[in-house]
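*Asks:* One letter stands for each residue in the lines below.
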Amino acid sequence: MSNISDRFALKYDPEQYRRVIAGREVILHCHHYNSRMQSTIEGATQVDGKNIFALAAEATFVGHIKAALLSSDDAATKSAVVSGLYSHLGYGALDLSQMEEGHVSASASHFVEGWSAGFGDRKTPVCTFTEGFLQAAQFALNGEAAFWRETECMITGASACKFERVPGRTEPMAGITKRPLSIVQKKKSFLTPESVDGAKIVSALVSMPIHGNAEGLIPAFGVYLANTPADFYNLASIRFIEEMDKLGLGKTAQRLLVSDAETCAMNTFRGIMSSPEWAGLVAPMIKQESDNLYGVVAVSNALGWGNWHVDNLAPGRALRIESLNGYEAYGFRELRGTSPAPQCFMLRGVAAGIMGLVFGSGTVEERTGTYGSTETECICSESPSCVFSVEKL
Amino acid sequence: MGTWRELVPMCARRGTYKYFLQRDQVRVIWEKLASTYGAIERNEKMMTMEIESRALILRATTLGNPITVFRKRACTDADVEAFHALVGLEVSTEPAGDGKAEH
Chain Y
1 MSNISDRFAL KYDPEQYRRV IAGREVILHC HHYNSRMQST IEGATQVDGK
51 NIFALAAEAT FVGHIKAALL SSDDAATKSA VVSGLYSHLG YGALDLSQME
101 EGHVSASASH FVEGWSAGFG DRKTPVCTFT EGFLQAAQFA LNGEAAFWRE
151 TECMITGASA CKFERVPGRT EPMAGITKRP LSIVQKKKSF LTPESVDGAK
201 IVSALVSMPI HGNAEGLIPA FGVYLANTPA DFYNLASIRF IEEMDKLGLG
251 KTAQRLLVSD AETCAMNTFR GIMSSPEWAG LVAPMIKQES DNLYGVVAVS
301 NALGWGNWHV DNLAPGRALR IESLNGYEAY GFRELRGTSP APQCFMLRGV
351 AAGIMGLVFG SGTVEERTGT YGSTETECIC SESPSCVFSV EKL
Chain V
1 MGTWRELVPM CARRGTYKYF LQRDQVRVIW EKLASTYGAI ERNEKMMTME
51 IESRALILRA TTLGNPITVF RKRACTDADV EAFHALVGLE VSTEPAGDGK
101 AEH
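From first to last, the protein sequence lines are chains Y and V. At position 28 of the first sequence (counting the first as 1) the number is 28 in our numbering, and the numbers step up by one without a gap. At position 55 of the second sequence (counting the first as 1) the number is 55 in our numbering, and the numbers step up by one without a gap.
Take the hints with a grain of salt, since some may be wrong.
With a Cα cut of at most 35 Å, we get these calculated DSBU-like pairs of lysine-lysine [said to hold, decoys possible]:
no., chain 1, residue 1, chain 2, residue 2
1, Y, 11, Y, 162
2, Y, 186, V, 72
3, Y, 50, V, 72
4, V, 72, Y, 187
5, Y, 188, V, 45
No lab work stands behind these hints: they were computed from the structure.
Taking the hints into account, I'd like the entire structure generated from these sequences.
*Replies:* Now the structure itself:
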């Protein structure tokens with residue numbers, strides 16, 4: 001069992017800006033984004049958002065957990081790998097010692113911390129993601145399809161989160177079917193200010209041990225980070241939009257996801273820019289206000305969001321930013337194929353948010369909506385890259 | 001002027017402050033923090049240093065000042081008071097969090 005943590009070693013592809021843990025591409029997002037996305041999807045009253053969120057986690061982790069297990073693992077090792085993967089990715093600490101009896105508890109939770117920080121307390125459990133993870137874990141461990149429900153949650157004041165297995169599931173397990181990708185990544189060089197060494201920022205960040213601490217949480221840059229598989233974000237977003245579209249609300253769903261990302265970008269990067277890590281690594285490179293934008297983009301590239309760069313910047317007024325392999329675009333192509341319309345709602349919102357953060361003034365609420373972002377080209381529409389045009393409104 | 005602090009905006013944990021130390025006290029206070037909370041971990045690439053204890057995460061650039069202090073879920077009022085005593089900050093009551101500096 002001593003080599004379990006070796007299975008979670010980060011593999012970083014500097015050419016693609018991709019982070020891979022246990023064979024799956026993961027994206028670093030913080031509690032602001034994860035909780036806000038959960039709030040949006042679960043808060044839409046006309047669709048079953050909890051089901052979308054849980055099944056996205058289930059479908060994602062069935063494969064991810066299997067990829068982390070070895071055929072030679074005994075039962076104890078398998079269990080340790082499952083809880084180890086969960087905490088390594090930053091979701092918290094699971095006690096699986098009574099899983100066979102249908103009980104699991106968690107003493108720390110990324111989604112509790114995130115919701116608490118962003119929205120405060122609530123009266124109902126919040127760890128939907130963990131329910132889906134446990135469904136996948138159960139299936140990966142013994143082939144049993146079951147639902148898991150959170151019966152007590154720290155967000156409501158409980159001392160620990162508790163999950164119970166619900167017997168009698170007849171629905172098949174959620175899975176992921178992907179199309180083979182045949183995208184040739186566009187090659188392009190981008191001009192950056194001499195003072196902002198993007199490669200140094202990425203290198204330093206990639207060398208950071210960004211994985212769960214003793215509580216299975218990742219408090220870094222003033223936020224709680226989590227390494228979440230790209231498949232989860234793509235499945236949850238696509239399914240949410242599709243379900244809303246059935247009600248004629250597809251565009252509304254897209255706007256909500258863009259708005260989440262815009263708010264997230266301002267909150268997350270405001271936290272990052274206030275952090276000792278930024279002060280130590282990036283701040284010495286900042287010579288003028290606009291350099292902050294290049295610093296933020298370099299940081300985001302290290303988070304696994306993709307290979308995106310500033311193509312043209314009119315400080316305070318407009319931004320053209322280009323993404324060569326965004327996880328949303330690649331994910332959509334794998335899951336759904338091509339599309340006549342752009343599909344990168346996270347990057348679109350973030351592009352507006354970082355302009356508001358760097359060049360705006362006032363509170364986050366006052367800055368929200370001060371920049372408008374459009375995805376003018378998208379890999380989903382068979383363009384060679386995704387291009388975002390941001391303008392001051 | 002002694003130690004003072006500012007609220008950190010948009011942080012994951014409420015009640016996260018940056019503590020600004022007197023220049024000549026930085027080394028002494030970090031020695032006290034290390035002997036109380038555990039060894040200092042340094043990240044040379046990020047140019048940061050930190051100590052993580054049961055209740056607190058103390059993080060700064062390698063200059064050691066200011067110290068950003070995150071309160072973990074296990075953190076109690078007594079933990080905060082003990083930290084304030086170590087860094088020499090006198091606070092009568094916990095503020096509502098308006099982001100203003102306190103001396």
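*Asks:* Which of the listed hints are not met by the structure?
*Replies:* 2 and 4
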